[in-house]
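**Q** Generate coordinates for the entire structure from the input sequences, incorporating the hints supplied.
Read top to bottom, the protein sequences are chains Y and G.
Counted from 1, the first sequence has number 82 at position 82 by our numbering; the numbering is strictly sequential.
Counted from 1, the second sequence has number 33 at position 33 by our numbering; the numbering is strictly sequential.
Misleading hints may appear alongside valid ones.
[To be verified] Rough simulated footprint, nothing fancy, chain Y against chain G, three-plus residues with beta-carbon under 8 Å: (1) 84-94; (2) 110-123; (3) 182-191; (4) 238-252; (5) 256-270.
By construction, these hints were calculated from the structure, which means they are not laboratory data.
Glycine is no exception: its CB is placed at the ideal position from the N, C-alpha and C atoms.
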Amino acid sequence: MRLIGHRLALYALTFWVAITVNFLLPHFMPGNPIQTMIGKLTGTVTPAEIRAIRLSFGGGLNQSLLSQYFTYIGQLAHGNLGFSLTLSENVSTALRDYVPWTLGLIGVATIISFLVGTTCGALLGWTRGSRLDSLIPTATFFQATPYFFLATVMLLVFASKLHWFPVLGAYNNLELHPGWTWAFVLSVLRYGQLPVISIVLSSIAGWMLGMRNMMITMVAEDFVLMAIAMGLPKRKVIWAAARNAVLPSIANLSLAIGLVVSGALIVELVFNYPGVGDLLLNAVQSQDYPLIQGIFLCITLTVLAANLLADVVYLILDPRTRTEVSR
Amino acid sequence: MKSFRFPRSPKVIVGIIVLGFFVLLMIFGPYLAPFNPNNTSFAPNLTPSAHHWFGTTSLGQDIFSQTLVGARATMIVAGIAGLVATTLSMVIGVAAGYLGGFTDDGLSLMSNVFLALPGLPLLIVIDSYLPVNSRSNSLVIGLIISLTGWAWGARVLRAQTMSLRNRDFVESSRIIGEKRIRIMFTEVAPNLLPILAASLLFTILYSIGAYVTLAYIGLTSTSVWNWGTMLFWAQANNAPLSGEWYWFVPPGICIALVGTSLALLNFGIDEFINPRLRAGGLSGRQRRRLGMPRRQRLGLTPVVRSVVTAPRITTTQNPVTS
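**A** So, in structure tokens, the structure goes:
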């Protein structure tokens, strides 16, 4: 439990850093972006909206930086992420519509990619030197390809040319409305296939290669030789080795989740998937700063939560961390 | 110093050749380009031909010239970001690992915070606030990317430094009375080289991805040609759906090839650091010639004892333990 407490403190600190960066950036960037933005708006929006936007950055002109900072944190504590101009609604309300799509898409893709990649990596490590090794350069190529480029190519080939998959969007928005109906759920599953496949293909190599390298090291350990000598069935031996080899992969999840989420967000743009990544691109193009900042905090919070989950899994899988704590 | 040994692993050789090609492209690409990449005087949407090797964009620009010119900005930004980030991670990682105590606590906390922060969203936030004229500056973009990319290297280097710190040769120079800074640079640092190299390759790989992604979502100046801006224009003009593959495939393949070459070199370093991975690089025929089993026997680390293929490992001991 102490490990979890430690990690929780680290993530809280990280989140605080993210909030502070978010607050300081607009105040210290050359060219005073907030002033420019409000200057552009004067006349087109109501004074109340301008006040709402000012509040997104911590309040008025004639307050000290410190008091603006506390206003900003106070706003966040009430779940108020600021006011988006392009959507003309509160950022937190807007995010509520977009977050579930992203969470579903990236969550499913990451889990599939981790499970399949780790399994393949374990087998590759076990059968090292066989013909299966020729998979490695291919996997590397996919790993080195930017997520959005692979997604673009898959969109062109499988959706636009071969018509195996629907082209854009998250569901058939001409005929269906979001709701818990069979037709809608099926449509979501159908439209989600290609984005999920492209994210899995882009991210799988990392898990696979990491697991393979650990597995090769693990196979040479004494306990594996012992297991073989005892005449345990092969499946059990592989399982025993794999269970130990997977630990570094899980310990490194915190690095990997951030990278995968970053890549997958951009995939949403390619498929016009109505998630946070798509929203982020629109916000960037219209220079909607409150929205950009709100999305950044939302992504950070989600990634940190995923990291914490990975830590819990690690604690369950590795008994050594538990004995260390009880001592 | 041992004499230079040319790497034998096919992965490393392919990696060096491909990377070398793109480094040459970085230097000479802009001079080799047959046309000005901004020139819009050609017919739009031409498919690849002898005159326009990669065809033309819907604005009538030559895609082959754009690809050649774009190599420079892409590689330079990635190189700057990789070098700066690796320097940062070396200073922070070695200091944390060697000095220990409060310094270590503080520096490790800092790198853990940066590891947990999602890099690309942070980059997007910072970049969206940049004034437009700084977005075309390779140095500024490179520095910002390096800010989000140093933490991984610092963590790995710290772990390795900590393990080196207690080795006998470091201990003995401490007893002799060498200064701390001298031990750090002459005893510890050289033994970090392989990990430093791996970390450099990894950061360059990360930086290319980050830079190209920023350009793809339109956050770098569109007046500087790089492979990401090419993809940006292709996407903005709906090239994927209208079937103009020749517009976005060349820059994408270039990015993937540079990335693959870096990853292949990294494999070579991995095999250098961890000899257990190395024998896996032998082909089936080489294994037979050496009298090694086609499939490795369980529980035994394969060690090549023949001088012909691996002069480095000539002892009968296990190279891992010796």
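**Q** For each hint, tell me whether it holds in the structure or not.
**A** Checked hints:
1. Proximity of the region 84-94 of chain G to chain Y, defined as three or more residues with a beta carbon under 8 Å from a beta carbon of that chain, is not established by the 0 residues found.
2. For the region 110-123 of chain G, the stated coverage by chain Y is satisfied: 10 residues place a CB nearer than 8 Å to a CB of that chain, which reaches the threshold of 3.
3. For a cut-off of 8 Å, the count of residues in the region 182-191 of chain G with a CB near a CB of chain Y stands at 0, and the three-residue condition is violated.
4. Residue count for the region 238-252 of chain G with a Cβ under 8 Å from a Cβ of chain Y: 7. That meets the three needed, and the coverage hint holds.
5. Counting residues of the region 256-270 of chain G whose beta-carbon sits less than 8 Å from any beta-carbon of chain Y gives 10, enough to reach three: the coverage restraint holds.
In this structure, the earlier hints numbered 1 and 3 are contradicted, and the remaining ones agree with it.
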